[in-house]
Structure formats: structure tokens, C-alpha cells
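**Student:** Kindly generate the complete structure, drawing on both the sequences and the hints.
Residue numbering for the sequence shown follows our numbering, starting at 658 and increasing by one per position.
Hint data in this document are derived by calculation from the structure and do not stem from the laboratory. Keep in mind the model is a prediction, meaning the values are calculated, not measured. A portion of the hints provided could be inaccurate.
Pair by pair, the computed Cβ-Cβ distance ranges are [what the hints assert, rightly or not]:
#1 Leu720 with Gln773: 17 to 25 Å
#2 Asp870 with Glu812: 17 to 25 Å
#3 Ala682 with Glu711: 15 to 23 Å
#4 Pro666 with Ala727: 36 to 44 Å
No residue lacks a Cβ here, since even glycine has one placed at the ideal position from N, Cα and C.
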Amino acid sequence: MSLSPNCGPRRGGARPDMVVIHYTAMASTEAARERLCDPAAEVSAHWLISERGEVLALVPEDLRAWHAGAGAWGAVTDVNSRSIGIELANLGDRPFPEPQMAALERLLESILARWQLAPERVIAHSDMAPERKCDPGPRFDWRRLALAGLSVWPEEREPADFHASLRAFGYPEAAHEALLQAFRLRFRPWARGPQDATDAALAADLAARFPVDAPGAAA
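**Tutor:** The following block contains the structure:
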């Protein structure tokens, strides 16, 4: 398996301190691999996982892959230099198969251990770029990852200011509708309509338990 040429040194000697999950939005794993390894595409990821659970290493984790693009998470604005990107072969309109999810869990467990990352440092592409991206989308099972200790899931508590809570958790500044959509894609994919008290209650819990730039948190 050839490595992708679309990579380079991490800027400023940065080390990866988060993981960003994507879907490929392409018809096959092979088509996605070809694009991620095509110099003309100027896009790449560290890992690609097929529908069958095959895990393909495309960029060494100590190098900077070009998977995140413009966006931010907490104080981090160059997400590519601070993250590991995982692409899941999926068009975005179907569930993620069991072999693929099981392979992702194994890979995440190894990444979090290898780089000593907390579960809250596993985020969606749509989290860090809510006005541009929607992947891995509403069919991705974030609660499953949280139950395995590989991500986080909120509980309801006293509602607080929705935008302030999202900022404290890590979301960047963005239009209200984009933030609401990104939040619900991950934590309430079945919810519809205007922002409600449940949105605010869940966001408040994330802010209280997982403040992105708190002392001792990954910076």
C-alpha cells in the first residue's frame, strides 16, 4: 500500500492532540484511496477504513495530513497540524457497517493510547467546520464510541446559554443555524425545529464536563 504524497511536517513542531472523523462521500474505498493519494487533489488523511473493516495507513501520524481544512476547535486554528484524520468509506446516506465501526474502535483505542489523548479530543469534521462540513453525518454512531470510552456523550443538566456552552466545549464561532445543525448531527440527529431547552441542557453538560481550553486540557 503506497502512502499519500499529500502531507508534510506539522507546523511549529506541533503534535497531534485530537482526532477528526470524516466520511469519504465516494462510491468505493478504492476511489477514495486514489483521491487521497492523488497529488492533484491536495487532500489526504492518515487513515482510511473500508466498509469491510480494512484499515489503510496513508500518512504517518507524525506528519501533517490535509484532511481538515479551514476551521477551529477551541484555541486551535490549524487543525491539520494538531490532528489525526480518519476517513470512513461511506457516501453519507447509509449506516456505517459493523466491521467498519469495529475497526474504527480498535484504531481509535490505539491512537488515544499512543498519543495520550482524552475521549473528548475525538471530534467530527462538522464540529470544527460547521459552516462547511456535515460529515460523518447523522448516521454515524457517536454514542457507541462514547460507551466504549472513545468519545463523549452529554447528559441533561440545567440549561445555559447555548452558544456560550458550545464555545466552551470547543465549537468555533459560526452562524446559529450552522452551529445548531453541527451539534444535532452529532448529539441529536433525530431532532428538528428551532433550538430548544434540550439542546441547551445537553450543551451545558458538555461545557461543564469537557471544557476544551480549561487548565489541564489539551491545548
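**Student:** When the hints from earlier in the document are held up against this structure, which numbers fail?
**Tutor:** As far as the earlier hints go, only 4 is violated by this structure.
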